[in-house]
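Those sequence lines, one after another, are chains F and Y.
Residues in the first sequence are numbered from 0 upward in steps of one, following numbering that gives the first Met the number 0.
Residues in the second sequence are numbered from 0 upward in steps of one, following numbering that gives the first Met the number 0.
Among the hints, erroneous ones may be present.
What the hints assert, rightly or not - Pairwise CB distance ranges (calculated):
#1 Y:Gly231 / F:Gly361: 54 to 64 Å
#2 F:Ala444 / Y:Gln127: 48 to 58 Å
#3 Y:Leu69 / F:Gln309: 18 to 28 Å
No lab work stands behind these hints: they were computed from the structure.
We put the beta carbon where it would ideally sit given N, CA and C, even for glycine.
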Amino acid sequence: MSKLFACTELSRQQLAAASAMPQARSPISYCGMNARIAPQLPSVLCRMMRIVALCGCLLTGCDGDGDAVSGPAASAAATLGATATRPAASASTIMPPAVSMGVTDAARLLEQATFGPTPSEVTRVAALGFDGFIAEQLTTPATTYSGFTYVPHLAAPGCHFNAASLGSAASTCSRDNYSLFQVQRQFFAHALTGPDQLRQRVAFALSQLFVVSGEKVYEAYGMAAFQNLLLHDAFGNFRQVLEDVTLSPVMGWYLDMARNAKANPAGGTAPDENYAREVLQLFSIGVNKLNADGSLALDANSQPQATYDQNVIDGFSAIFTGWTFAPLPGTQSVWMNPINFQGTMVSFPEQHEPGTKLLLDGVVVPAGQTPEADLKAALDAVFNHPNVGPFIGKQLIQHLVTSNPSPAYVARIAAVFANDGQGVRGDLAAVVKAILGDVEARGAAPSQPDGGHLREPALFITTVLRALGGRSDGVFLNDAITAMGQPLFTPLTVFNFYPPSYVLPGTNTLAPEFFIQNAATGLARSNFINQLILLGGAAPEPSVGGSIGTTVELSSLANVAATSADTLVDALNSQLVHGSLSSAAHEAIVTALNVLPADDGLERARMAAYLIATSQQFQVER
Amino acid sequence: MHRRDLLKHAGALGAGAALSQLGIFAARAQTVSDYKALVCIFMYGGNDGNNTIVPIGASGYAAYAAARTLIALPQNTLLPLAEAGGAATFGLHPALGGATGLQAMWDAKQLAIVANVGTLVTPLTKAQYLQLNTAKPASLFSHIDQQLQWQASLSAAPSTTGWGGRLADQLAGLNTGMSIPSMISTAGNNLFVTGRASQALAIPTSGSFALSGFHNSAPDGARLSALAALLGVDRGTDLLDAAQDVMTGALRSSAVLKPVLEANTGAVNGYFATQNSDIALQLLAVAKIVEARATLGARRQVFLVSIGPFDTHTEQLNAQQTLFAELGPALKSFHDSMSNIGAGASVTSFTLSDFSRTYQPNTNGGTDHAWGSNHFVAGGAVKGGQFYGKWPELALGSPDDLGTVGRWIPTTAVDQYAATLASWFGVGAGDLALVLPNLAAFAPATLGFI
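Sequences are here, hints too, so could you generate the full structure?
Here it is, written out as structure tokens:
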């Protein structure tokens with residue numbers, strides 16, 4: 000059985016909700032009904048879900064509590080290797096009572112917490128309310144990257160890309176195993192149809208903090224494993240994220256911690272500094288001391304204070320020695336185990352720096368400790384540094400809500416990072432909930448004039464598709480997102496596609512996503528909309544198994560267009576920008592629509608959708 | 000490295016009536032006198048200058064090989080850089096090319112090498128570096144900070160402009176009547192080409208540079224009008240204004256540059272016929288724009304291209320081999336094409352990079368972040384075939400090594416390097432401080448390589 004598609008595991012709440020719906024009958028119609036929860040389940044996936052019976056209750060029956068009975072369906076799920084993780088909450092978690100929220104507020108929450116609102120989701124979440132939605136999303140298991148298998152770092156002769164023969168078995172093998180093509184496609188599948196929308200959003204944000212790039216990690220199974228790590232840890236504890244990322248063989252390869260050996264004075268070599276530098280500069284504390292509100296903590300001369308110097312880098316470099324790839328199954332483990340992105344790295348004490356190591360703030364790790372003990376001391380020191388809350392918290396705010404949080408907003412989130420209310424430091428679920436629930440995030444409009452942020456290409460693409468009934472196998476989307484400056488999982492450097500500190504030239508306004516917004520990439524966005532909406536999208540790609548192309552569905556908008564041009568623009572205004580279009584913008588669009596015959600609803604729908612989707616009023620999410 | 004092709008679309012925005020709706024006017028052909036262009040080649044990640052230019056004489060090479068151990072280049076592969084009198088003290092990394100690469104440019108006196116250039120706030124000896132209160136660049140050895148300091152030519156505090164942008168600002172008066180921005184980047188947005196009053200136009204290196212989907216029909220005309228109207232309303236907040244400005248500029252510039260970038264029959268095309276590396280495509284795009292300088296009304300242009308990644312913590316030998324094999328031929332082809340179109344002495348290219356790398360390798364067959372590095376300046380106006388600046392003593396722990404693993408304290412500042420280029424570009428001696436505010440900390444102000 001092909002493992003090409005990940006089977007989504009529905010939460011028990013969704014199953015209960017679905018079974019309460021009058022239309023739910025057979026699993027197929029249930030899957031169709033599931034379109035309310037996860038809009039575009041390809042029919043192939045629905046058939047697989049029936050077989051796997053993760054729609055479990057409906058096939059095998061449920062006991063009174065709604066718990067699935069065990070049986071062949073459950074073991075079938077295990078055989079197929081469905082990789083959904085278990086929900087964090089216990090089986091008897093009581094969902095908060097629904098306290099409704101405003102429709103516009105709900106739409107904005109979906110813009111911040113998912114890959115784009117859909118009309119049915121806005122209605123559902125408005126009724127469910129903030130707490131209910133967050134609780135549901137925190138307990139929805141991950142939709143993971145699946146179907147990938149180990150390949151050696153050096154491709155076999157039958158698996159080399161041949162530009163002269165793109166459709167050959169060798170080129171296909173290379174594309175599917177030695178490029179990120181299938182991982183990138185699964186990203187779009189998850190973003191467009193996955194039920195675990197918030198987890199996918201947070202994991203995507205984490206992938207831009209804990210950067211591993213396809214520039215160096217081009218084995219599909221490796222990148223899939225790393226992204227699954229982030230999905231798994233997205234609502235866990237930040238200390239766990241630090242540890243899992245540090246011991247990831249994928250990160251070990253990308254930033255050279257794998258096979259980093261102790262100093263060899265005779266051979267004239269010293270430990271590699273790459274991971275030591277980046278784990279401090281990018282993954283935890285940054286280069287300068289911060290106040291809890293994210294501002295620089297200045298010294299008596301109003302100068303920034305560095306968090307570490309070269310001596311500290313030397314210390315951390317020594318900490319991160321003695322780790323290598325896990326041995327391939329059935330082989331003896333040696334220091335030079337071949338590149339293996341499965342599992343976690345393993346230690347070789349004889350390759351570990353034996354001396355003392357200087358950490359942050361003058362702390363010295365004693366000599367002679369095991370690699371594991373040294374690692375724990377180092378990561379504990381990093382985790383407990385006061386910079387982490389504001390440094391990580393502010394960037395999560397920027398990815399989810401706004402490029403310019405007020406210092407007070409950052410301080411509130413840093414406080415939750417320090418203590419989630421239960422005495423726990425580093426609780427990412429609490430941090431995410433606090434970010435989305437903050438007064439600066441909620442409401443029908445941002446509280447600040449420059450609230451919000453430019454939609455990064457990934458969000459721009461998925462928001463359009465989700466709003467307009469889009470379906471895609473990700474192939475066309477993958478080309479489009481590259482032209483827009485955000486080749487998925489392949490930033491040029493470990494500094495991500497754009498730095499969090501980028502300001503609009505001539506202003507003090509932070510605008511990270513604008514770092515990749517320019518004439519070339521801006522035109523690419525507009526031309527993508529032209530192809531998607533006016534030229535029919537993309538046809539299926541013969542060289543891609545199960546390809547369905549990319550399309551949007553405008554027939555319902557065409558019906559709305561029959562009423563009037565104003566009604567059509569109102570509908571798109573609601574679906575794309577939660578009703579925030581100005582009357583001047585509205586009028587400009589209606590003027591153009593009136594050139595088209597009033598009875599050509601589809602043409603009018605296309606033109607209106609093009610104009611709003613290409614507008615800068617839509618590019619900037621507020 | 001090959002970038003993926005951008006989408007190719009039919010029906011790109013044509014000239015004529017549609018353009019006038021957007022306030023774009025056809026460029027007027029002019030004759031251009033005294034044209035000059037600077038082409039910045041940013042080697043991102045920190046190129047190891049120590050394996051780019053290598054001592055080639057007997058004792059120099061022996062010391063090099065002893066220190067660099069597993070990453071030392073074989074002596075007989077180095078390409079000699081013959082100096083006056085014929086002897087060579089240094090050689091080029093072999094992949095940078097002999098007859099079809101940089102060695103030929105050196106021999107033709109069109110390539111200069113400046114030794115040990117780096118970010119400085121004030122000149123530093125090793126003793127001064129080790130003192131606590133000496134002014135040093137912030138966040139040495141941090142990629143992003145050092146890249147920004149090279150681009151800004153300012154190291155004491157963050158800058159909001161780059162020296163390429165300040166150059167464009169200073170000489171804006173020479174570019175009145177230009178139909179596109181005077182700075183162009185094939186490497187996206189970048190501080191180097193950000194000025195107080197101007198920013199670079201970012202262009203793609205493949206695919207069409209145009210808005211697609213508009214033909215000569217009433218509905219398309221109405222749609223274009225609405226698009227233009229949407230760009231003009233709702234002004235007044237920073238994010239939306241910036242987005243609207245980007246798109247307005249994109250429509251204006253792409254209408255002018257589309258035919259230039261798509262031209263395949265110009266004189267410059269043939270020089271790149273056998274090269275499709277990313278750096279070659281970028282330099283070809285630059286060459287096409289230079290070829291069209293009269294049509295564009297340009298007199299002073301600043302270009303930014305980039306190549307990388309050079310952050311060779313591991314596998315340095317392979318990485319530099321691959322990247323240099325692309326850079327050397329592309330650079331030679333570029334300058335040959337400039338000579339062919341009569342702009343040989345008008346166009347100067349130069350390299351920047353985050354930093355050099357540790358003379359002593361690490362245990363992974365690579366090197367770590369260092370400081371002062373060697374850089375190339377190329378073009379017909381360059382006083383080539385010579386070294387400039389002061390070589391560090393290439394020994395671990397030497398007076399030029401800030402520590403023990405071979406991080407050279409720069410003996411030439413970025414400011415001086417930049418000032419030499421700015422001076423050639425047309426900035427008077429008295430105005431150099433406007434472009435390079437910290438230049439007075441260093442002497443001499445310019446280095447004489449062009």
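Cross-check of the supplied hints:
1. Remark: the range hint 54 to 64 Å for Y:Gly231 to F:Gly361 is upheld by a beta-carbon distance near 58 Å.
2. One distance hint, 48 to 58 Å for the beta-carbon pair F:Ala444 and Y:Gln127, holds here, with the actual separation near 55 Å.
3. For the hinted restraint 18 to 28 Å between Y:Leu69 and F:Gln309, the CB-CB distance of approximately 23 Å keeps it satisfied.
Of the numbered hints listed earlier, not one is contradicted by the structure.
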